[in-house]
Structure formats: structure tokens, C-alpha cells
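For the record, the sequence lines run as chains A and B.
Following the working numbering, the numbering of the first sequence begins with 1 at its first residue and continues without gaps.
Following the working numbering, the numbering of the second sequence begins with 508 at its first residue and continues without gaps.
Please note that a few of the clues may not be correct.
[To be verified] Sample of chain B residues facing chain A (criterion: CB under 8 Å; computed from the structure):
(1) Val564
(2) Glu565
(3) Asn568
(4) Val572
(5) Ala582
(6) His587
(7) Arg590
(8) Leu609
If you are wondering where the hints come from, they were derived from the structure by calculation, not from laboratory data.
Heads up, the beta-carbon is just placed ideally off N, CA and C, and yes, glycines get one too.
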Amino acid sequence: MAWIHGWLGLLAGWILFAMFLTGTASYFRPEITQWMQPEFRAKPVTSAHAAESAVAHMQRVGADDLQWYVYLPDARTAVTRVFEQRKPDPKAPRRRAPEIVLDPATGDVVRARETRGGEHFYRFHFQLQLPHPWGRWLAGLCAMFMLGAIVSGVITHKRIFADFFTLRWNKGQRSWLDAHNVSAVLALPYHAMITYTGLITLVAMYMPWPVTANYAKPADFAQAAFGTPTERAAQGTAKPLVAIGPLVADAERRFGAPVATLVVRNPNDAASRVTLYRHANASLNGRGPSVTYAGSDGRFLEGAGGVGPALATAGVMLGLHVAQFAGPALRWAYFVLGLTGAAMVGTGLLLWTAKRRKPGATPFFGLKLVERLNIGVIAGLPIGMAAYLLANRLIPAETANRADAEVATMFWTWGAVAVLQVLRPARRAWTEGFAIGAAAFAAIPVVDTLTTSRGLPGSILTGDTLFAAFDFAMLAIAAMLALGAWRSARSRPVAKIRKPQSETVHA
Amino acid sequence: MFMHGRILKPGPFPKGRTVRPVVWTMALRSTTALVGGYAAAAVLATLLARLLPIARVEATNWGMVLSFAIYAGIALWCFHEHRVLRVAALVWGIALVGGGLLWLLGVRP
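Model the full assembly from the supplied sequences, consistent with the hints where possible.
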């Protein structure tokens with residue numbers, strides 16, 4: 001099992017490291033988006049008001065759409081996001097209409113710099129910037145490798161209890177093994193949970209076969225499982241949509257919790273339907289109940305959500321993964337645990353090279369390749385992520401296609417670092433990579449102060465907690481990377497463990 | 508594990524063979540674990556979903572929720588069991604027999 005543990009970790013390790021890091025950032029997806037649109041300040045409004053203003057806007061721009069999908073703002077999200085599905089036009093090519101971002105207070109389109117915000121990290125976390133569906137398949141494959149690595153890693157550990165308390169510094173391979181064990185064993189419940197629930201988030205794509213065995217039409221399963229309202233064609237007779245605010249208020253009374261999402265199907269048709277979904281912060285179950293009303297007269301039609309144990313299990317697994325239920329303290333705990341996940345994968349990758357390096361011997365090709373890939377991903381990706389945030393402040397706010405330019409900046413920077421580090425000796429490349437990362441993250445609050453009015457001194461003085469916390473988090477990450485640079489500069493190559501010991505040295 | 512022991516000790520190779528037999532057995536083992544393991548896990552999860560005598564939507568979800576645990580178990584067993592032919596026969600056998608059974612059963616009425 002030790003052998004397969006090493007190979008599973010090695011083959012999927014680099015992608016898993018990137019998935020852990022961007023996934024960890026995604027716990028703060030709405031906050032990152034808010035930080036990346038500094039022009040827009042959130043004015044808290046009720047969800048009923050936000051729904052009214054969004055529907056008023058959509059009545060102006062898309063009154064004859066097939067469907068409006070409205071994500072309402074909440075305590076962490078400043079804007080209303082709307083996806084409209086237009087009626088299929090046989091002449092025009094099928095294209096997804098762009099997302100509409102609205103000011104919840106007024107219903108006007110938000111005037112702020114164009115950006116993908118935290119959504120970019122979130123999407124990369126499971127789509128890996130590859131065309132659909134290949135990114136999701138690759139992410140799923142790597143998650144499966146991770147699951148195999150976790151199970152085989154646990155089997156490998158006969159001394160799992162002792163490993164809780166063992167960390168020997170400056171002992172070369174032994175230290176990397178200890179660091180790998182500590183990061184993996186301490187947070188093992190988190191690693192196992194996040195890996196399995198991650199697979200569950202896309203189970204309908206990865207494992208659709210139970211559905212096909214039980215349902216002639218997969219849509220029937222979605223209807224039964226997730227309360228997707230019964231599909232009803234438009235009647236073709238116009239009938240204006242009722243006021244949406246009272247429907248939201250009624251749904252919130254039924255849920256005892258805020259409404260998060262609002263779907264209007266066939267607006268302004270006699271057969272229009274309004275479905276409201278409960279906010280995910282109301283329960284561990286990530287799939288909240290929904291209620292559906294007739295859009296023409298506001299009649300309550302159906303409620304979905306009283307689910308059995310299997311559906312509740314799946315829903316709670318989803319909820320545990322996306323952590324929408326978590327308050328600030330638990331969210332930070334998730335963040336730290338996510339970083340231990342990245343540390344576990346990273347130390348595992350380093351252990352692979354440490355175990356195979358022989359003092360005085362010329363490293364073989366595979367060792368050099370793995371070492372360079374390790375540097376390119378472990379030291380390189382943080383630089384790319386910092387470049388994405390810096391690009392948000394440095395690309396002029398009015399530039400066309402600047403959202404794509406921000407994303408491109410991240411990947412070009414990461415790619416350039418990964419290629420150029422080959423020119424440096426490996427040990428120097430580690431130190432310099434971490435140092436550049438530290439400098440880039442430390443530069444973020446500075447650039448923020450220079451280019452916006454919400455920089456660090458100002459945000460503390462005005463009580464702008466989100467911006468202050470974000471900038472402090474950047475400084476903390478810079479400090480961690482600086483520590484990495486310092487340690488890698490200090491470390492001397494240590495002779496391999498002299499005496500073979502009884503415990504398992506895997507990888 | 509199989510890394511230690513007879514497979515690593517190269518026996519006398521037949522003449523003209525350029526690829527070591529260990530590569531073939533490893534390829535068979537890995538393919539069986541990755542592809543066969545998925546097929547067998549999918550078939551077992553789907554049989555569970557199809558045959559559990561509870562509500563259709565619940566049975567479907569139990570199958571889906573448990574499928575990855577079944578997959579992980581089968582895939583790791585492929586590397587635990589020494590005899591590669593036994594691995595291939597059992598895993599692909601489950602996939603084929605279970606798949607045939609599901610085909611005979613058809614969609615739940």
C-alpha cells in the first residue's frame with residue numbers, strides 16, 4: 001500500500017495542490033469578488049427588495065425571456081447576479097447570454113471594473129481552466145487518486161497515533177516525512193471529508209448510472225431529488241408577472257430563513273412559475289428546500305424539500321464541501337484546514353524527491369523533472385494567484401475585456417515562473433520562488449492603497465472590515481511565503497537516514 | 508506487496524522480448540484498477556440503486572453516494588492482490604456479469 005500511495009500522490013499531486021489552494025481561496029469567494037470591485041460599496045437591503053429591483057430590471061431588458069435565474073445578495077455578497085435564458089432563436093447561433101450584475105438597492109447595472117472575482121478561483125478549482133467537460137473529468141480523476149491515496153496512506157500508518165506528536169526539524173527526508181504525516185494525520189478527517197464530498201458535488205456527472213437504471217427520463221430524478229419544478233410550456237397568452245416582494249416574504253416565512261435564489265420561468269406568460277430556494281447558510285444540508293408559485297397570480301403551487309435519509313446525506317455532503325453554512329470562525333477554520341491540505345500534498349511531493357536524492361550522485365532525469373514540477377507548482381502557483389489580484393488593481397478599470405486579461409495574467413505569470421526557474425539551480429529556485437511570492441503578496445495591500453481609496457490605513461479607520469481583513473490576509477500569506485524562502489535558503493542537504501528504522505517510509 | 512518478491516526478480520526472458528513482463532502485468536493491473544474498477548463500482552452502485560426495495564429516489568441516491576467508496580475499495584484491492592489474472596478476472600467479471608444483469612433487469616418499472 002505504501003508503494004501505491006506514493007504513485008497516486010505523485011501522479012495527481014501537482015493538480016491536487018492547485019485544487020487545494022484555489023479551493024481554499026474559494027471559501028472566501030464573495031469576499032474576494034467584493035475586494036476586486038472596490039468602486040462598489042454594498043448597501044444592505046432585504047432580499048425582497050433585491051428581488052423586486054432585479055425583476056424590475058429584467059422586465060426592462062428581457063421581458064420575453066425563457067427564464068431568469070436570480071442570485072440574491074446576502075451578508076457576504078454585495079450584488080445581485082442574474083443569468084437570463086433567452087428564447088431560442090433558430091436563426092442566431094446558440095450562445096449563453098452574459099451574466100448581469102445589478103445593484104440590489106436600485107436595480108441598475110453595477111458600474112465597477114469588469115472582473116471574474118473570486119469566481120475565477122472557484123471555477124479553476126474544479127474545471128482547471130480546461131474546456132468543458134474535460135476539466136471536470138480531470139479534477140474528478142485527481143480527486144479519486146486523492147481518495148485512494150488517503151485510504152492507502154492510512155493503511156500504511158501503523159503508528160498513526162504517534163505521528164500526531166512527531167515532528168523532527170532539520171533532518172532532511174525524516175523531517176519531510178514528519179511534516180507530511182503531521183499535516184495529513186492532524187487534519188485527516190478534513191482531508192477525507194473534503195475529498196469524498198468533492199466527488200459528491202459532481203456525482204451526477206461522474207456516476208449517473210444509478211439514475212439511468214431507475215428513471216427512463218433523468219429529468220424525473222432531478223424533479224424528485226432536487227425539487228426542480230415541473231416543466232410547463234408557456235401558454236402563449238400574456239399575463240403580467242405579480243409583484244415578487246410578497247412571494248419572497250411568504251417563502252421566507254415558510255422556510256424560516258432567507259431566500260437565496262429566485263427562478264422565474266416564462267415571465268409574463270399565463271403559465272409563468274416563480275421558484276424560490278432557501279439560503280444555504282440555514283442548514284448543513286447544501287440543498288435547501290424550494291417553493292414554487294404561479295407567476296400570474298402569486299398562488300402557492302408546490303413545495304419541495306422533505307427528503308429521505310439518502311437525499312439528506314447527499315445534501316449534507318454537498319453542504320460540508322461548499323461550507324456555505326459556516327460562520328466567520330468556522331470559515332477561517334476551513335481555510336486553515338484547506339491550507340493543511342495543500343501542505344500535505346506539497347510535503348508529499350517533496351518527500352518523493354527527498355527519498356530518492358543520493359548525496360554526491362547526479363540526480364536522474366525523473367528526479368530532476370519532479371523537482372522542477374514541484375518548484376513550478378508549489379512556489380509558482382501562489383505567484384500566479386498574487387498576479388491575478390495585482391492585475392485587478394493595475395489594469396485600468398475601463399479597459400475592454402479586462403476580466404479575461406486578469407485571468408490571462410495569472411496563467412502567463414505562473415507559466416513564466418515555471419519555465420524560468422529551470423535556469424536557476426534547484427535550491428536557489430525554491431528560495432527565489434518563495435521570495436517572489438512573498439513580495440507579490442506583500443505588494444497587494446500596497447498597490448491597493450495606491451490605486452483605490454479603500455487601502456489599508458483608510459479601511460481600518462473607516463471600519464471597512466472586509467477590505468482591512470483581506471489586506472491583512474495578504475500580509476499573512478506573504479509572511480508564510482517569506483518563512484518558506486528563509487527556511488529553504490537555510491536548509492543544507494542532509495545525509496540520508498543512516499539506520500533503517502522500523503517505521504514505514506513511504507512514497 | 509508484489510513489489511517485493513518474485514516479480515522484481517527477473518526470470519530468464521524469452522528471446523526477442525523487448526518489454527519486460529512486469530510492465531505488461533503492471534499495465535493490466537493499472538487499467539483494471541482505473542477502468543475496470545470504475546465499471547465494477549458503477550455496476551455495483553447501480554445494482555444497489557436498482558434492487559434496494561425502498562423509494563426510487565432514495566435508492567438512486569444511496570447508489571450514487573456510496574459509489575466512490577466502492578470504487579476506491581476495488582481499485583486499491585487491485586494493487587493489494589498479488590495474482591494479476593485473479594484481479595482482472597474478478598473486476599472485469601463483476602463489471603460484465605453485473606452489467607448483463609442490469610441489462611436484463613431494465614429500467615425500474
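Do the hints match the structure? See the list:
1. Val564: At about 4 Å, which falls below the 8 Å cut-off, the nearest Cβ of chain A leaves the hint on Val564(B) intact, so it holds.
2. Glu565: 4 Å, holds
3. Asn568: 4 Å, holds
4. Val572: Since chain A brings a Cβ to about 5 Å from Val572(B), closer than 8 Å, the hint holds.
5. Ala582: OK, holds: Ala582(B) within 8 Å of chain A, min 6 Å.
6. His587: 7 Å, holds
7. Arg590: Since the shortest Cβ distance to chain A is 16 Å, the answer is violated.
8. Leu609: Given a least distance of 6 Å, the restraint on Leu609(B) holds.
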